[in-house]
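Please model the entire structure based on the sequences and the hints provided.
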Amino acid sequence: MADTDGGLELRMNDGAAALLAPPWPDDGRPGRGAGLLERLESLASQERSLGLVLVRRGGYAVGVAVGGRLLAHKNGTKHVQSRSAAGGQSQHRFARRRGNQADALVVRAAREAARIFTGHGFEYLATGGDRALVEAVLAESVLRPWAARPRLAPLAVVDPNLAVLSRAAADFCAVRIQVTDAA
7 MADTDGGLEL RMNDGAAALL APPWPDDGRP GRGAGLLERL ESLASQERSL
57 GLVLVRRGGY AVGVAVGGRL LAHKNGTKHV QSRSAAGGQS QHRFARRRGN
107 QADALVVRAA REAARIFTGH GFEYLATGGD RALVEAVLAE SVLRPWAARP
157 RLAPLAVVDP NLAVLSRAAA DFCAVRIQVT DAA
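Last residue of the sequence shown: 189 in the working numbering, with the numbers rising by one and none dropped.
Please keep in mind that the hints were generated in silico from the structure rather than gathered at the bench.
What you are looking at is a predicted structure, and each value in this text was computed from that prediction instead of being measured.
Note that beta-carbon positions come from the ideal geometry of N, C-alpha and C, so glycine has one too.
Computed Cβ-Cβ distance ranges for the label pairs, DEER-style:
no.: 1; residue 1: Ala24; residue 2: Asp109; range: 35 to 45 Å
no.: 2; residue 1: Thr124; residue 2: Asp165; range: 25 to 35 Å
no.: 3; residue 1: Ala22; residue 2: Gly82; range: 36 to 46 Å
no.: 4; residue 1: Ala22; residue 2: Leu77; range: 34 to 44 Å
no.: 5; residue 1: Asp33; residue 2: Arg150; range: 16 to 26 Å
no.: 6; residue 1: Arg114; residue 2: Glu44; range: 38 to 48 Å
no.: 7; residue 1: Thr10; residue 2: Ala110; range: 38 to 48 Å
no.: 8; residue 1: Pro151; residue 2: Arg173; range: 19 to 29 Å
no.: 9; residue 1: Ser55; residue 2: Gly21; range: 32 to 42 Å
no.: 10; residue 1: Gly12; residue 2: Leu168; range: 30 to 40 Å
no.: 11; residue 1: Ala138; residue 2: Gln52; range: 30 to 40 Å
no.: 12; residue 1: Gly82; residue 2: Gly39; range: 36 to 46 Å
no.: 13; residue 1: Ala138; residue 2: Ile183; range: 27 to 37 Å
no.: 14; residue 1: Val181; residue 2: Pro151; range: 25 to 35 Å
Below you can see the structure in the form of structure tokens.
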């Protein structure tokens with residue numbers, strides 16, 4: 007067992023390794039305990055507050071969570087047309103329409119996030135889904151007060167709905183394990 011910058015590394019006799027990464031960045035609140043594993047467990051069990059923003063083409067889910075449990079949330083859908091196989095003028099028209107629909111989704115998600123975030127203090131931004139759309143949402147002026155918060159590693163999200171948001175709130179608070187097989 008070794009303490010590394012990325013977390014706690016476990017090495018097996020066959021060369022396989024597992025990296026146990028704490029859910030929180032190093033911010034001066036280390037875990038307590040006699041050994042490395044106890045300190046990681048203590049750090050992971052600290053209740054931290056999150057502002058969640060999950061966005062994909064077609065939907066969004068935003069919320070505030072503490073200790074992996076949602077305190078406030080909102081999710082919604084907004085149709086964003088998929089790509090068209092048509093060429094020429096039709097292709098350009100569909101691209102403009104798709105862009106306008108995505109812009110409307112971004113504005114709606116940002117407004118709902120600002121509404122949910124107002125009145126709830128949180129420490130970290132936790133994002134997931136389409137990275138370009140997430141960045142566009144966070145760039146909206148209504149989210150300026152929260153956009154500079156420290157961010158946790160993003161999650162892969164297929165469909166941002168209430169169940170996925172609730173699961174994401176818990177997943178962001180969990181120890182991440184990366185297994186590397188023996189060479």
